[in-house]
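Bring the two chains, given one by one in their own frames, into a single complex with the hints.
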Amino acid sequence: MKKTLFLISNLLIITFLLCGCTNDMSRKEIDEVNLIRVLAIDYDQNEYVLTSLFSPSGGADPESGEASEETTKGFGKTPYEAYEDLKAKAKKAVSLGHTGYFLIGDAAAENGIDICFDFISRDETVKMDALFYITKDSNALDFIEKGIENKQKIHEDLEAIKQKQEEFVTRNDNTLVNLLNEMKQTYSSVLIPYLIPDESSFLTPGYAVFDQMKLRDYLDEETSAGVNFIKNIIRNYPIYLEDQVGLLVSHSNTKLDSKLDNENIVITIKVDYETMIKEVNTPDSIFTGDRIQELTKKQNQFLYEVINLAVNYSKATGLDIFQIARMVEKQNMKEWRNLESNWVEIISDIEYQYKFNSRITKSFILG
Amino acid sequence: MEKIINSTNLKALFHKSGDIVQRQLNVAHSGLIIHIFGVDGLMNTMMLDETILQPLTENEELKNIKTEKEVMNYLLEGGAYHAFAIEVTDFDLLIRYILSGMAALVFDQEQKALIFDVRTFDKRSISEPSDEGVMKGAKDSFIEVMRTNTVLIRRRIRSEYLVVEQLNAGKLSKTDIALVYLSNIADMDTVNRIRDSINNLDIDNISTPAFIEEYLTDNKKSIFPQIMYTQRPDRVSANLTDGRVAVVVDGIPFVYILPCQLPMLMQSPEDYANHYIIGSSLRVIRYIAMILTIFLPAFYIAATTFQNQMLPPEIALSIQQAKQDVPFSSASEVLGLLIAFEILIEAGLRLPKTVGTAMSILGGLVVGQSAVEAKIVSPTVVVIVALAGIAGFILPSQDLSSGIRVTRFVMAILAAVAGFFGMTAGLIILITHLCSLDNYGVAYMSPFVDVETSNHKDTLFRFPIKYFTKRSKKIVPENRVKQK
Chain H
4 MKKTLFLISN LLIITFLLCG CTNDMSRKEI DEVNLIRVLA IDYDQNEYVL
54 TSLFSPSGGA DPESGEASEE TTKGFGKTPY EAYEDLKAKA KKAVSLGHTG
104 YFLIGDAAAE NGIDICFDFI SRDETVKMDA LFYITKDSNA LDFIEKGIEN
154 KQKIHEDLEA IKQKQEEFVT RNDNTLVNLL NEMKQTYSSV LIPYLIPDES
204 SFLTPGYAVF DQMKLRDYLD EETSAGVNFI KNIIRNYPIY LEDQVGLLVS
254 HSNTKLDSKL DNENIVITIK VDYETMIKEV NTPDSIFTGD RIQELTKKQN
304 QFLYEVINLA VNYSKATGLD IFQIARMVEK QNMKEWRNLE SNWVEIISDI
354 EYQYKFNSRI TKSFILG
Chain S
47 MEKIINSTNL KALFHKSGDI VQRQLNVAHS GLIIHIFGVD GLMNTMMLDE
97 TILQPLTENE ELKNIKTEKE VMNYLLEGGA YHAFAIEVTD FDLLIRYILS
147 GMAALVFDQE QKALIFDVRT FDKRSISEPS DEGVMKGAKD SFIEVMRTNT
197 VLIRRRIRSE YLVVEQLNAG KLSKTDIALV YLSNIADMDT VNRIRDSINN
247 LDIDNISTPA FIEEYLTDNK KSIFPQIMYT QRPDRVSANL TDGRVAVVVD
297 GIPFVYILPC QLPMLMQSPE DYANHYIIGS SLRVIRYIAM ILTIFLPAFY
347 IAATTFQNQM LPPEIALSIQ QAKQDVPFSS ASEVLGLLIA FEILIEAGLR
397 LPKTVGTAMS ILGGLVVGQS AVEAKIVSPT VVVIVALAGI AGFILPSQDL
447 SSGIRVTRFV MAILAAVAGF FGMTAGLIIL ITHLCSLDNY GVAYMSPFVD
497 VETSNHKDTL FRFPIKYFTK RSKKIVPENR VKQK
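So the sequence lines, in the order shown, correspond to chains H and S.
Counting from 4, one number per residue, gives the positions in the first sequence under the working numbering.
Counting from 47, one number per residue, gives the positions in the second sequence under the working numbering.
Excised from the complex, chain S in its bound form (with noise of 0.2 angstroms):
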């Protein structure tokens, strides 16, 4: 078909979807004929009846006007009681405009259409975040809408600065993406990079995070998230200021912030809200945690198998007495367990919520027990698997959550194979693998890695807002400060 902006070949396009509505209008009954297109269910009808339509068929002044060139500069120049309108030459231009809930105005002699931003569509209304809530602080969450959450970015920064980059991507789906950014701040290679990323997607249809997730990471085969995540205003605009790059993806109700350090991925909101020594603590349980969760049950399986003196006698003893008349070796035992936590995760996501709750109770009380008097499996084991699952979940980003599963695996099989050998053996290539990512130029281990010392006072421990005197070197190179 040639591309030239015209009804006949816009009828052409759409003829077999319903839902795009067209019409005729004769201007003033003056007998010139305009044809209006739109996407029925993403058009604000009032709005396109009293600030286009209206002005269009009742104002007087339009009686004597002979061409179509006039009816543009009278709608442009003030005639649409509308703030939005656009003259559009492009067909594909044209098209997505249409697609995506605009009303067009096409002109078939000018072979120009007037664009007029009438969209509304029902979207879910800003409400507290699910994964991210917490108890001190803001309670507005992103939603599907991009535009809302960019409005939601804008209203925290205020900044002339603040930078907010329309792209577009998904061959098909056209999918709205917002590249926001502080532009006095930010390092622009890294913004340069991130955009040509969006800009290179060559995919049909942007459907789930992942899609997105994955084109923007460097190192795709890590298990470790390599961009961060949030549900929350707040957190992208202090990483915002910290010069880090947030996308905003149309229909994804979260903000991805780049570049993403392993840090940054155990920090929660609430490590600000509170005391500094109160944030501090809870950060370093954060680590313990974490340190619990991938290593408790590969200690377990190589101190009961191999190396029984790492414990002390009390312990084994203890443990010896509960392992009595369990069949199987500590490692099936913590292995098939693990399986079987995995398991009751998966179950309970797809369950509903008034069955997961009696699910919950069967899989972890009942069967759990019933495991123990029936000596399939020890109590001991069931207590360390247990602890590992449960630190698993203190960490705020469920995709490291996710991750360290994998990994906890992982080491629990290269101690059921070699013991504390096969576990060191392991922590050796965790440590490399980690130290080896690099994320936007930023290493995945900075600022642990970094020999700046001023990087150092949000990470493990989160010192006194008032110390937070400059961005981080690698971040951001020029700009660096924060306050004085």
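Here chain H stands alone, though its shape is the one from the complex (with noise of 0.2 angstroms):
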């Protein structure tokens, strides 16, 4: 009877503690469900336009052996009205749990990305660690449509680009996850990668800047490479120095550091790094000690420039694109409360010092 008693009991337990599962409990075999891969989000004559890409479930065309991609269209006032609106359209149920990829349009991100992801961050199946790109001086969907044409298979090459970002950087933040974590930051500003076609591919040269969510620039690859020093994500970079000689960055480490001088801000920011030699055109020896010195030098020169690409950027524009208010707001709680109200003019006001330790250290001739 006990026994009977405490299996009664653990049953209410378990009913009750995993009662909110039972929202998700919506029957649907697998085969009736068209897993959307791509979703792009566009903004066009005042409605949003939602073009889902994803893969027949029937497999590859017998005859080519190819599995063509197949696309449907949503419209709406808003992304989830068009979201809705593409449901219906679609032959199928829709779901987003396997879709990797969001493209936002130009259109659509200067018109606001939090309207963006609002709807998809609600959706309990998504991933969190889908990734977000922004395709430039495009509608997304005629980013598909022209990719389709060329007859790139748009996951696949998506799936490249994601590759080549982690060869060079050491996370990826533009998931979905991060993004939303980064909306938070009032002060801050937003930064997700932008796509451009090539010829048969995407390339991603660098960031779109967001102020108060809503796109404001692009920018080009070395300011882009300079704000992933200042952002300590460098896994690699390459560095070409006039005399002939190419370098690789093989570990970096940056780390900033605050300080408060009468409302002034200093920022420290500090990269210790290693760099490999790569390529040696010219005659004259370098791997002496003071030609070595000499190339560190220039290396610090080159990587400084860089990085204040980027700073200049921020001043410029009085943009926080390396989430500096977050820093100065952990390191300096108390002043923090009077900073916070006029930290827009504050931003361009940061000086900023440099420390560069570096080391070249293998050169991997053979023999």
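In short, the hints are calculated from the structure, not lab data.
Careful, some of the hints might be misleading.
[Claimed, not checked] Partial selection, computed: residues in chain H whose CB lies under 10 angstroms from chain S:
1. Asn-13
2. Asp-34
3. Val-36
4. Arg-40
5. Ser-58
6. Val-129
7. Gln-155
8. His-158
[What the hints assert, rightly or not] The calculated DSS-like cross-link candidates involving lysine-lysine, where the alpha carbons are at most 25 angstroms apart (straight line), are:
9. H:Lys-5 x S:Lys-421
10. H:Lys-5 x S:Lys-520
11. S:Lys-266 x H:Lys-5
12. S:Lys-421 x H:Lys-94
13. H:Lys-95 x S:Lys-421
[Said to hold, decoys possible] Calculated Cβ distances over 12 angstroms to all of chain H for the following chain S residues:
14. Gly-125
15. Asp-138
16. Ile-172
17. Gly-183
18. Arg-200
19. Glu-206
20. Lys-220
21. Pro-255
22. Ser-314
23. Leu-363
24. Ile-389
25. Val-428
26. Met-491
27. Val-497
Using N, Cα and C, we set each Cβ at its ideal position, and we do this for glycine too.
Take a look at the structure:
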């Protein structure tokens, strides 16, 4: 009797504890669902256009052996309305559970990314590590259609972009969870990588900069690299010196430190990094103590210029693209209360100091 | 019938049984008649002739004997060339001795009998264990004869503390049962409880292992085995030295070990024959296989029917493509194939070995392949069910494997009804059930649920033998030191 009571009470506890899970109890066979691989969000003529791109569940065409990607569009005054329209128009039920990439068109980004993110972040099936990109100077739909015209596999090309990003940076900051987190920082700018079409693939030269959730600008490749150095996410970065020597940053560690001096903020950027010699096209020997020292100075100067591009951009535009506000708040909690209200003005007056500590380590000459 | 020992009563009792032999013997032609009773085929007649009858008929000294008492004294004091001779005054005991194959010399006037153990019967020779074979290790296994089995244990533990208690159960079968334990290690409360359980058996016949298993287990409703059995004497001796109790039943070619915990059922003799890292790795694989066999079909159903976002996109697409044109739902596919798998196993057990191979090919390859080609089941489901099935056979204990097979069905049904919610509920119920089981005062999930870390050295991982310094406190309250 005791055991029966124990079992019944257990079952009741389980039912109460897990009752939240029943919200997602809609039974749907996997072959009755179209799994959206890429979702494009555009804003055109005062309405949002959502384009879903999915691999057909029937698999490859038996004659050509290729699985063509299919698209479905939805229109609405808000992204969610457009998504519902898309669901209604799709042949089968659709799911965001497998959407690995979200492309946001230029116009939609200008209209505000928070509007685009809202319905996505409320979908309980969406992957938190889904990646977001902005399509530069173009609608995301046009971007996809051109890709399909060029017989590109869009999601495979985006996968390649992701892998390429991972080759150069230690983490992808354009995931849903990270961007949602960044959007919470009221005083900081959100950065999302932008895409441009290449011959038969895509490229991500740099970041799209957002001011108050609206697209403000596109950073060039070097400025974006400077941002990456300051964000301390550099895995590899090539350095080309004028004297025909090519180097590769193989390890980098950046530390930011803030000091407050009568409302003047001094940010010290300390970069420790190691480089490998990758190319030497000069007849002079570079493997002497003096030459190595000279090259070290030059590579520090090179990196200074790269980082300074990003710093100058921040100062010129008054955009906190390095999330300085968060750091200052953490390091100077009391003073932050006074700074908070004038932060937009203060950001342009921040003084940056640089410290470079670098080593040229390996030459990899065989034999 | 009045229960007095005499030849008339015995003849009356056995007069319809053709296999009971009885013979009158004129002691050394003195005119003093005694009766011999025994079961034909169970007695070694040559031994009976040489050790008992010959001295009784040919010894000249006996010619002057006048009373039965004198004959009895003569035989007990060395007249019979036989080591085992006891005097019996209880009629029921006499019947039991006779029916177990011993020779009884009945003295009518004295109303007593002398019993001589001249038993012999055809028995299987000791062979390799069929279910627990090892590459590196002993190759002997128990047989159907209780005494041979206790000898196999005694050979391994030559300690004066090894106790082999002789018990008896079955109102009609009078099956011999030996309770084996080390008196200086085993918890006597446990021994007493097991002895009581056996003595309280109120059953006619112990014909199959389940008869005794069900009486020795506390929670009879659980499908998980709460009594461990083994064919291997080395395994029994290892468990005896750990403080457990062995039950040897005549007629059953394996030995039961109590108390039994779940981790014991996941251990294989190979674990100790190999290097401890290899042994641990194999054991981890076994645990992974157990999880796979229970949850893989359920996970597939839940993921493909309810929460497909749990699957990586490429796998989801692959499953989608495989399921195209298959008319059944994932749950029907999996459950149907699981039932087909069970049918194949059952058929394989009943069929003769020669036909079995052909049936495996027919069932596994031809039917499976054809079912996939005919779009009755998707290839992914075949892989899932086959993987779950094979994983189930990795488990060393067949009883545990059977219990898990049933659990697999329950989990699959729960997943079909409520997806991961159902699976989670099932998992919680399963864990609650396993944790609620108790076996002779020791938790079934022990030592996983034990606080004492020294007990964890032979569970998920097999530590080097030198670290097995203490016996489990739950099993052995005292004398816990195994080695220093």
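Hint check against the structure, violated hint numbers in rising order: 7, 9, 23
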